[in-house]
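Keeping the supplied structure of chain H fixed, place chain Y upon it in accordance with the hints.
Number of protein chains: 2
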Amino acid sequence: MDTRVPGLFGIEHPVIQGGMAWVADGRLAGAVSAAGGLGVVACGAAPLSWIEEQVAIARSLAPGAAVGANVMLMNPDVESIADLLVRLRVDVVTTGAGSPARFIERWKEAGIKVVPVVAQAALAARMERLGADAVIAEGCEAGGHIGEMSTMALVPQVCDAVSIPVIAAGGIADARGAAAARVLGAEGVQVGTRFLTVEECRVAEVYKDKVLRAKDSDTIVTGRVTGHPVRGLKNAWSRSMKSLERGVSDPHELEGMYAGSLRRAVEGDAEGGSFMAGQVAGLVKARGCAADVVSELSEGFAAGEASACAAASLLAGVREGGERRG
Amino acid sequence: MDTRVPGLFGIEHPVIQGGMAWVADGRLAGAVSAAGGLGVVACGAAPLSWIEEQVAIARSLAPGAAVGANVMLMNPDVESIADLLVRLRVDVVTTGAGSPARFIERWKEAGIKVVPVVAQAALAARMERLGADAVIAEGCEAGGHIGEMSTMALVPQVCDAVSIPVIAAGGIADARGAAAARVLGAEGVQVGTRFLTVEECRVAEVYKDKVLRAKDSDTIVTGRVTGHPVRGLKNAWSRSMKSLERGVSDPHELEGMYAGSLRRAVEGDAEGGSFMAGQVAGLVKARGCAADVVSELSEGFAAGEASACAAASLLAGVREGGERRG
Numbered sequence: 001m002d003t004r005v006p007g008l009f010g011i012e013h014p015v016i017q018g019g020m021a022w023v024a025d026g027r028l029a030g031a032v033s034a035a036g037g038l039g040v041v042a043c044g045a046a047p048l049s050w051i052e053e054q055v056a057i058a059r060s061l062a063p064g065a066a067v068g069a070n071v072m073l074m075n076p077d078v079e080s081i082a083d084l085l086v087r088l089r090v091d092v093v094t095t096g097a098g099s100p101a102r103f104i105e106r107w108k109e110a111g112i113k114v115v116p117v118v119a120q121a122a123l124a125a126r127m128e129r130l131g132a133d134a135v136i137a138e139g140c141e142a143g144g145h146i147g148e149m150s151t152m153a154l155v156p157q158v159c160d161a162v163s164i165p166v167i168a169a170g171g172i173a174d175a176r177g178a179a180a181a182r183v184l185g186a187e188g189v190q191v192g193t194r195f196l197t198v199e200e201c202r203v204a205e206v207y208k209d210k211v212l213r214a215k216d217s218d219t220i221v222t223g224r225v226t227g228h229p230v231r232g233l234k235n236a237w238s239r240s241m242k243s244l245e246r247g248v249s250d251p252h253e254l255e256g257m258y259a260g261s262l263r264r265a266v267e268g269d270a271e272g273g274s275f276m277a278g279q280v281a282g283l284v285k286a287r288g289c290a291a292d293v294v295s296e297l298s299e300g301f302a303a304g305e306a307s308a309c310a311a312a313s314l315l316a317g318v319r320e321g322g323e324r325r326g
Numbered sequence: 001m002d003t004r005v006p007g008l009f010g011i012e013h014p015v016i017q018g019g020m021a022w023v024a025d026g027r028l029a030g031a032v033s034a035a036g037g038l039g040v041v042a043c044g045a046a047p048l049s050w051i052e053e054q055v056a057i058a059r060s061l062a063p064g065a066a067v068g069a070n071v072m073l074m075n076p077d078v079e080s081i082a083d084l085l086v087r088l089r090v091d092v093v094t095t096g097a098g099s100p101a102r103f104i105e106r107w108k109e110a111g112i113k114v115v116p117v118v119a120q121a122a123l124a125a126r127m128e129r130l131g132a133d134a135v136i137a138e139g140c141e142a143g144g145h146i147g148e149m150s151t152m153a154l155v156p157q158v159c160d161a162v163s164i165p166v167i168a169a170g171g172i173a174d175a176r177g178a179a180a181a182r183v184l185g186a187e188g189v190q191v192g193t194r195f196l197t198v199e200e201c202r203v204a205e206v207y208k209d210k211v212l213r214a215k216d217s218d219t220i221v222t223g224r225v226t227g228h229p230v231r232g233l234k235n236a237w238s239r240s241m242k243s244l245e246r247g248v249s250d251p252h253e254l255e256g257m258y259a260g261s262l263r264r265a266v267e268g269d270a271e272g273g274s275f276m277a278g279q280v281a282g283l284v285k286a287r288g289c290a291a292d293v294v295s296e297l298s299e300g301f302a303a304g305e306a307s308a309c310a311a312a313s314l315l316a317g318v319r320e321g322g323e324r325r326g
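So the sequence lines, in the order shown, correspond to chains H and Y. Letter by letter, the first sequence follows residues 1 to 326 in this note's numbering. Letter by letter, the second sequence follows residues 1 to 326 in this note's numbering.
Keep in mind that the hints are not guaranteed to be accurate.
Since the list gives no way to pick one copy over another, a pair counts as held whenever it fits inside one copy or between any two copies.
[Stated by the list, open to error] Subject to a maximum C-alpha distance of 25 Å in a straight line, what follows is the list of computed DMTMM-like cross-link-like pairs (lysine to aspartate or glutamate):
1. Lys242 x Glu253
2. Lys242 x Glu320
3. Lys242 x Glu53
4. Lys215 x Asp292
5. Lys234 x Asp269
6. Lys242 x Glu79
7. Lys285 x Asp160
8. Lys215 x Glu128
9. Lys215 x Glu148
10. Lys285 x Glu128
11. Lys285 x Asp269
12. Lys234 x Glu271
13. Lys242 x Glu255
14. Lys215 x Glu199
15. Lys234 x Glu148
16. Lys215 x Glu323
17. Lys242 x Asp209
Don't read these hints as lab results, they were simulated from the structure.
Here chain H stands alone, though its shape is the one from the complex:
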């Protein structure tokens, strides 16, 4: 079967680094791209000058390699960021927290591949109609901002809904997850949590330690009441948010409490920060470097090929039989 992601992005391995705001800077993105994956600078709410600087750092670390940027569409400065990325001609833009509809044409004209993160099959199909080059189907086991569907249920349904490549995200931290994603029909994987502990990642030591020590049940979802659920590790901050959320009548009252919480975590505030991480934090037991992660996940993904072909062929047989019968 065809795995179109490397050819589409001009990369060697179909491993995309998640666009984690405050975390994914030029050093991390450059290390991933230099290792043959797709490094992604997270624009988050950063100033334009920071974004430009980090893309330059990534490119200097990975000369000639593709480099991507992630755009958070709720950002009030999204228009200027969209234009900056056109000027910088990054290779790929991944988008989160909304629909990138109004930017797709602009980016594609600049030769940028556009890859929205989706959490539902219908949205994936709409993105394909609007010209997206691929979609990232992200399950709710992921860290950070999440949807409702799990990777296991979402990826095959998105694959059935679109013809463009589907990249699986959420729940992938080792060879088993990467191989399973391939078997579900994905043509690439996006990984966030596993990159938090690598040496090129800028987060404070306390953040890395929390991930390395996490058990499977150590994540919690805050922010459901605001309509913007976020998964992170349990700590004093997330426990107190959960308890405030239970009693609140107007969720907007809480907005000030979420503000700045991720930045505090990245900078090492153990009890006052929001340590975004996925349910696979419990599988992350090593630090290592970005190149180790790219190679481990790329090999895992390739290990899924044999079973992906076998499962796809069984499915086609079942569907053909169904059509013949009725």
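What follows is chain Y alone, placed relative to chain H:
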């Protein structure tokens, strides 16, 4: 690699039918067991006489084949049900909604295999220490009562935590899901939603139609406020429960609203029932019979073997490297 589930249960295919209360009767369980899977009669809150009758029906439909029963541990009659199952000498007991600790010895002495459903690795390890023969690791994409972790994140972490066989549940409805479960390390799959539409399933036609028409995003979780979250299809009942849950100060006030809601769905009350189903409802496009489902999922599971071995071997290599280094 070894897939111990068929030998352990005395069945041909490592496909276990979910113990869906009000749904999984002797006719469905018998059809699954006759096809070489493990059919499971759901004891739910049914009278002892009904349970005895349904086990007899299942056995008559599948002479000589293994038949299981599911016990909901919150049931106030659980002691009498536990003793009845000893007397009936069912082959396997699966348990949900609590810890079966106090029954394990009794059941094992009667030659019954004990298989708790778990939603966390630590609970799986505890069940192994208490003598469980296998565990079902069920992700939150499943229908009915759910935990917090997804199948993709949960199954590998449970596999790392126990030596007994792990059966994956949640998010599995076709060959891709079954193969992916194998790749994640499972030695069998438990499937619920996909059995709802088969001809041997007793649910009303309107229930089957709702599953067949469902899109990926058509499930919703009610009951989070009560500490007993349940996934089902969106309808008037689930929407009104969600809105009541938002405003309630004492969740116990709502208990009467949940009571009887599943039974109403099974009997065909389109707007007033709780149509429990998983996020894979959107993948279920066929009716067919139980034997079709067992054979499709069993072939899918077998298709996962090649990649499961490859991924396990990569993982072992990475871990050995990590130990050498550190």
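Hints, verified against the model:
In this assembly of identical chains, the alpha carbons of Lys242 and Glu253 lie at most 25 Å apart whether taken from the same copy (14 Å) or from different copies (21 Å). When the C-alpha separation of Lys242 and Glu320 is checked against a cutoff of 25 Å, the pair qualifies neither within a copy, at 48 Å, nor between copies, at 40 Å. Proximity of Lys242 and Glu53 under a CA criterion of 25 Å is satisfied in neither setting, with 37 Å inside one chain copy and 46 Å between copies. In this homomeric assembly, Lys215 and Asp292 come within 25 Å of each other (Cα to Cα) only inside a single copy, at 22 Å, whereas the closest approach across copies is 38 Å.
In this assembly of identical chains, the alpha carbons of Lys234 and Asp269 lie at most 25 Å apart only when taken from the same copy (13 Å versus 40 Å across copies). Proximity of Lys242 to Glu79 under the C-alpha cut-off of 25 Å is found in neither arrangement, the shortest distances being 34 Å within a copy and 36 Å between copies. Proximity of Lys285 to Asp160 under the C-alpha cut-off of 25 Å is restricted to the inter-copy arrangement: shortest distance 12 Å between copies versus 34 Å within a copy. Within a single copy, Lys215 and Glu128 get their C-alpha atoms only as close as 37 Å, which misses the 25 Å cut-off; across copies the closest is 18 Å, which meets it.
Within a single copy, Lys215 and Glu148 get their C-alpha atoms as close as 22 Å, and across copies as close as 13 Å, so both meet the 25 Å cut-off. When the C-alpha separation of Lys285 and Glu128 is checked against a cutoff of 25 Å, the pair qualifies only between copies, where the shortest distance is 23 Å, while the shortest distance within a copy is 37 Å. In the homo-oligomer, the alpha carbons of Lys285 and Asp269 lie at most 25 Å apart inside one protomer (22 Å), although the nearest pairing across protomers, at 49 Å, exceeds that limit. Taking the shortest alpha-carbon separations for Lys234 and Glu271, only the intra-copy value of 9 Å comes in at or below 25 Å, while the best inter-copy value is 38 Å.
For the identical chains of this complex, Lys242 and Glu255 are neighbours both inside a copy (13 Å) and across copies (23 Å), given an alpha-carbon limit of 25 Å. Taking identical chains as interchangeable, the C-alpha atoms of Lys215 and Glu199 lie at most 25 Å apart only when both belong to the same chain, with a minimum of 21 Å there against 42 Å between chains. For the homomeric pair Lys234 and Glu148, the shortest alpha-carbon distances inside one copy (20 Å) and between copies (13 Å) are both at most 25 Å. Proximity of Lys215 and Glu323 under a CA criterion of 25 Å is satisfied inter-copy only: 20 Å between copies versus 45 Å inside one chain copy.
Proximity of Lys242 to Asp209 under the C-alpha cut-off of 25 Å is restricted to the intra-copy arrangement: shortest distance 23 Å within a copy versus 38 Å between copies.
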